[in-house]
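Using this note's numbering, read the sequence shown as starting at 768 and increasing by one per residue.
Keep in mind the hints are simulated off the structure, nothing from the lab. Be aware that one or more of the hints could be misleading.
[What the hints assert, rightly or not] With a cut-off of at most 25 Å between alpha-carbon atoms, the simulated BS3-like pairs for lysine-lysine come out as follows:
#, residue 1, residue 2
1, K853, K892
2, K848, K892
3, K853, K803
[What the hints assert, rightly or not] Using C-beta positions, here's what the derived DEER-type ranges look like:
#, residue 1, residue 2, range
4, E820, G933, 40 to 46 Å
5, E869, E932, 29 to 35 Å
6, Y953, L997, 24 to 30 Å
7, Y931, L997, 24 to 30 Å
We put the CB at the ideal spot given by N, CA and C, even for glycine.
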Amino acid sequence: MLQQIRCRTLSSRAVSYPSYVKIVEVGPRDGLQNEKTVVSTEDKVKLINLLSEAGLPVVEATSFVSPKWVPQMGDNAEVMKQINRKEGVYYPVLTPNLTGFEAAIKVNAHEVAIFGAASESFSRKNINCSIQESLDRFQPVCVRAQSLGVRVRGYVSCVLGCPYEGPIKPSTVAKVAKTLLDMGCYEISLGDTIGIGTPGSTLKMLQATKEVVPVEQLAVHFHDTYGQALANILVALQVSDFAMCVDSDGCVCRKAYRSSTVP
768 MLQQIRCRTL SSRAVSYPSY VKIVEVGPRD GLQNEKTVVS TEDKVKLINL LSEAGLPVVE
828 ATSFVSPKWV PQMGDNAEVM KQINRKEGVY YPVLTPNLTG FEAAIKVNAH EVAIFGAASE
888 SFSRKNINCS IQESLDRFQP VCVRAQSLGV RVRGYVSCVL GCPYEGPIKP STVAKVAKTL
948 LDMGCYEISL GDTIGIGTPG STLKMLQATK EVVPVEQLAV HFHDTYGQAL ANILVALQVS
1008 DFAMCVDSDG CVCRKAYRSS TVP
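Generate the whole structure from the sequences, applying the supplied hints.
Shown next as structure tokens:
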């Protein structure tokens, strides 16, 4: 099956693969945020410490969002204070606005993430604003981060499909990703939020996006809702050097599409 995918997608040239794959573990944040049962701070800290001890170079620890909307992340400051920070490991946190960023800085966050979407409907449902409004909110976060020497990672959700709009144009994904790059994000993670991507749609999206964002600054994040995640990862590997994101799941507004990424 993988051989057939290879022939269909990249038959015009010899297939090559990156010499390494960077795994960005987002489970402690993305994987837990939608769990109805609140996980104790102690267990979150233990999970993060075990992941970093396992050799993962990046472990996204928590998010600085309102506990009204995401109760699971209400102990964000305590988590950051209690984890054992291993040398050489990054512990980014999600900061959707300047308020969240300043709170993260107070507990010594050295890397943050901002989370946008390629779907207008999803953006409004998930963060209650348009795509452009979300980008406007991210701008001061990036400016402030740069002034403090804090790295910023960007996320684009619904890059291959939206539960409200259906398929998303590759050009839209490319536009949002380029905007995040121009703001100062060192890496842009492209997420198939509801897991409806196929090797064909993945290839088209990546080809469009790498026209405006250097391929070495792109990452991918696939959910396995319909069993396509591994095939989509294969396509991403064939395109060029990508950083692979691996998580357990977690999207606050996605109920009918709960799925997991591949282990």
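Consistency of the hints with the structure:
Among the hinted pairs, K853 with K892 is inconsistent with the structure: their alpha-carbon atoms are about 37 Å apart, more than 25 Å. Under the criterion of a C-alpha separation no larger than 25 Å, the hint pairing K848 with K892 is inconsistent with the structure, at around 32 Å. Proximity of K853 to K803 is assessed by CA-CA distance (about 30 Å); at most 25 Å being required, the pair is judged violated. For the pair E820 and G933, the supplied restraint of 40 to 46 Å holds, since their beta-carbon distance comes to about 42 Å.
Under the hint 29 to 35 Å, the C-beta atoms of E869 and E932, about 34 Å apart, fit the expected range. Our hint of 24 to 30 Å for Y953 and L997 holds, since their Cβ atoms are close to 27 Å apart. Taking the beta carbon of each, Y931 and L997 are about 27 Å apart, inside 24 to 30 Å as hinted.
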